[in-house]
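Participant: If you want the building blocks of each chain, they are given just below.
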Amino acid sequence: MNIDKIKKEFPIFDEKIHNTDLVYLDSANSSQKPKVVLDRINDFYSKQFSNVGRSVHYLAVAATNLYENTRSSVQKYINAKDKNEIVFTKGATEALNLVANTLGQSILEENDEVLITELEHHSNYVPWHFLRKSKNIKIKFAEINEDGDIPIENIEKEITDKTKVIAITHLSNVTGAVLPIKEITQLAHSKGIIVVVDGCQGGPHLKLDMQELDCDFYAISCHKMYGPTGLGVLYGKKKWLEQLPPYQGGGGMINEVKKDGISYGDLPNKYEAGTMATAQVIAFDQSIKFLESIGIEKIIEHEKELIEYGQEILQKNNSVKLIGSPKERGGVLSFTIEGVHPHDIATILDETGVAIRAGHHCCQILHDKLGIPASARASLGVYNTKDDLDKLNEGINNCKKIFDLK
Amino acid sequence: MNIDKIKKEFPIFDEKIHNTDLVYLDSANSSQKPKVVLDRINDFYSKQFSNVGRSVHYLAVAATNLYENTRSSVQKYINAKDKNEIVFTKGATEALNLVANTLGQSILEENDEVLITELEHHSNYVPWHFLRKSKNIKIKFAEINEDGDIPIENIEKEITDKTKVIAITHLSNVTGAVLPIKEITQLAHSKGIIVVVDGCQGGPHLKLDMQELDCDFYAISCHKMYGPTGLGVLYGKKKWLEQLPPYQGGGGMINEVKKDGISYGDLPNKYEAGTMATAQVIAFDQSIKFLESIGIEKIIEHEKELIEYGQEILQKNNSVKLIGSPKERGGVLSFTIEGVHPHDIATILDETGVAIRAGHHCCQILHDKLGIPASARASLGVYNTKDDLDKLNEGINNCKKIFDLK
Amino acid sequence: MKLKELYQEIILEHGKNPRNLGKTENFNKDAKGNNPLCGDNVHVYLKLNDQRKVEDISFEGSGCAISMASASIMTGLIKGKNDNEAKEIIEDFLGMIKENPELKNKILNEDDKTKLMCLSGVKQYPMRVKCATLSWHTLVSAMENDGKEISTES
Amino acid sequence: MKLKELYQEIILEHGKNPRNLGKTENFNKDAKGNNPLCGDNVHVYLKLNDQRKVEDISFEGSGCAISMASASIMTGLIKGKNDNEAKEIIEDFLGMIKENPELKNKILNEDDKTKLMCLSGVKQYPMRVKCATLSWHTLVSAMENDGKEISTES
Ligand SMILES: Cc1ncc(COP(=O)(O)O)c(C=O)c1O
Ligand SMILES: Cc1ncc(COP(=O)(O)O)c(C=O)c1O
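Going down the list, the protein sequences come from chains A, F, C and H.
Mapping the first sequence onto the numbering used here, position 279 (from 1) lands on 279, and the numbers just tick up by one.
Mapping the second sequence onto the numbering used here, position 403 (from 1) lands on 1403, and the numbers just tick up by one.
Mapping the third sequence onto the numbering used here, position 61 (from 1) lands on 2061, and the numbers just tick up by one.
Mapping the fourth sequence onto the numbering used here, position 119 (from 1) lands on 3119, and the numbers just tick up by one.
It is worth saying that the hints were derived from the structure and are not from the lab.
Wrong hints could be hidden among the right ones.
To be verified - Partial list, derived from the structure: chain C residues whose beta carbon lies under 7 angstroms from chain F:
1) L2003
2) Y2007
3) S2062
4) C2064
5) A2065
Remember, predicted model here, so these are calculated numbers, not experimental data.
Think of the CB as a built atom: it goes at the ideal place given N, C-alpha and C, for glycine as much as any other residue.
Given only the sequences and the hints, what does the whole structure look like? Please build it.
Facilitator: What follows is the structure in structure tokens.
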């Protein structure tokens, strides 16, 4: 895997930040975009633009076909059984809201339990909290172990006969822990429990195979997968998407509209109300092609090497404390430096062009549990190198110097 | 106003459709995009990309500032009192769902009435229908008169002491009727009724002044305003946005997250859960600058001239029947040809590069009322000319020839 | 010019004067079809006798020339066939519209096939394919009489 | 190098050993502040006597060097002032951080002003301004004692 060549496909790396090269270690937040994706957006708008699905003129037909092509590409990329199991949303957060809301409307009842984990991002907690407020469901939290992992026993332990949904991340955006979704799904399904997976970090870092995972829902964030902002994908098993009520109402999702009643359209229209993010959907096809051109196996291997290298140098660095040591870690290295607050770390690193994120990374429950208000996080993309991690380490040493630490 | 020059700013018009020039008369569906907008998208992704609001590194700071700049630009463009009254959504449809849903959660009660009109787009009916199903509210329809207008009397007539909300379009996407929002708001507010305006067609065609209109909510569709797809704006009076509950939950919209409870962030974060359509928001600033560079007064004048010309030639054309003759018509000419179905019209026009839309335009209630299953619609943008309307007329004549009409 | 292939004489003529329009008396099977994007709709009525032969068939609805012609021609050809023959013709027609260059069934005579082939012009108009097929899908549904409303989006 | 201006000796020293950390005994006013994006939080406690003089002031909380130093310096300067003086100092400080090149108040002596000006380095770090101002906004809220939780997002 030729990283130099790959890096050249990303125009941003031609830019200088504070007069130095950009060392982008914030891909878990959002990834950079390869030129093919930008070109596709530009080409579509400047040569082919039209709204999809609604007009019969030439441009509209072409746009509709391009739009549906991406649906097919996504279906193939994540190995979904049916094209209509792919719903485009404005982001993973909306996808998770859609699932919680429609399950809440139709399936969940007072005192039913939704089991999430201490690793969950706010986007996989707040939507369930809404149901706690409106429908009086209960939310339980499967605990992390000392490695920052969620062993399946910790999930099993919390299941009761009231548990209706397990909503769980595929890959923690803080500890990097990869959770055993397939096993969790087997366990859950044996008890009739629905499994909702937050695949935001799974999307860019793991091989996605819906039929293998067998989960009921899987939420993807396209902007973390080298795609445009303002787009997400919800995978949902056909039986659910057919059975659940619609989420948003408007143009395109209806069948027949009368003054006294409305019937809704079939999949996938039912969940795509209003004008969709047409250009973004069409461009996302190129993100998938980009990922396929490298091969997710290669990406996983590359990132694994980097993670191991990163763990090694950070563990050797005094005062640095890595967060978690999960059995399988993907894409993310979070840490603290004793005596330096994460925000100060981020500001100091930024001065040498090293972009990381500091804060609770939308995982306040986890940070509370760890007893820290915030952490610093370096996260990887396909364009990162060992050199980037060396620069991270240098930046950390600079922090220590400024704060007069050993 | 130099249309030739303006047209040159839109790359799409360099393209050939079926080997002829594109005559784009489908802007009510979605407008074409000027080069400045495309360049901004491209520049942002290739030189400045980062997620907003979450990291403290250089790119993130810059992106956050750009993002908030657009909010200020929108505020100024629509003359909202406060920057925090501007919420970005994925589209006007989402904006209307947000309003209906949050009013439904907190204010509307069983048997309360929501008054809409027979002109409404499905996006301003289905979200209220959801509340009819879930909360047993009533929906009433103010009737059109024979001109396709909704005179204020027809609204007044339907108001009862159960009426809590009037949800109404600013400009009909079928008859082109411009509704007297300011007067309707005065009437409504005198009775304590909330006014929600579907501003999808108002956005591109009318001067927007929220403080003048005084409505409580106004929904805008950015892709119809020469902006990117996947973006909408909800204007909401601060008192409402502060009081209403959040709509979607996730990262960025919270204040404090604990296992047993969650408090939500202040405006505007409260309504912007998850990663937003960053690039689209940032690029939309250029759409506004583009509109400002011409001036909405000039655009209104230009479109008025075109509408008058279009009405004139279509009225002269035998067998053509214009839909509605509202007192004030903006941007839209819908029509039927006796003996030719709208779909056939659209297909035949397309062959000569004339792009119009055929169907019910997401206004099935209106079409039912008019006793027609569908209509043909030519809609205008800032780049259209009288020549375009002549080509429309020629295309219509071609339809008549093929269908052997006089 | 493609338009000529789409709007052939016979299409225009059937579109203008559709045969079998109305509601068959004593129908025993029926189904509704609907194209939510454009508002076209069709209602197919069928009288299937004990030998499962289509004794009578008709349709109501409104739509473009293509959809009216397609329903008109369809009802004309299906009348008098038994349900297996009808199914074969339907399948053959849908296959032709989708991808096959020609009709393959041995039930229709050459004249009838020529009539049907007139609808093949829509192949060059992907957005219009639904217009040509809506009544056919609805007929399938009527024959199965599963009561489910057909939408061309499925 | 801008970083040197941000992380001046005195900031680092106050950040490491914040003064007035803890919960003042017998406080009669207090407020919480919170930066939802990064998780920083502060709780300011105030003992205002009958003459509306700040008899004691302290804070609890966690945050970066900038926010801890800011709270530490702030509490040191505000102690002993009456509420009008305190308000003037706060306004002056926030104005300086926002746009003014210097402090204008006539209440603080030059030494104290120099201490405060050490925080002006954040002006070059827009994302860090909130760190420097959170405790000050919280103090305002405590003095008004309106019980509203302050978030730097407002
Ligand atoms: C009047 C009107 N309302 C609502 C909409 C829906 O807007 P969008 O599809 O951008 O969400 C449209 C456009 O389709 C419209 O014309
Ligand atoms: C694990 C996880 N879940 C959910 C999200 C939310 O995704 P988005 O902001 O794209 O909606 C993120 C990213 O912020 C994430 O890392």
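Participant: Would you mind marking each hint as holding or not holding in the structure?
Facilitator: Each hint, compared with the structure:
{"no.": "1", "hint": "L2003", "verdict": "holds, 5 angstroms"}
{"no.": "2", "hint": "Y2007", "verdict": "holds, 5 angstroms"}
{"no.": "3", "hint": "S2062", "verdict": "holds, 5 angstroms"}
{"no.": "4", "hint": "C2064", "verdict": "holds, 4 angstroms"}
{"no.": "5", "hint": "A2065", "verdict": "holds, 5 angstroms"}
In summary, this structure violates none of the numbered hints.
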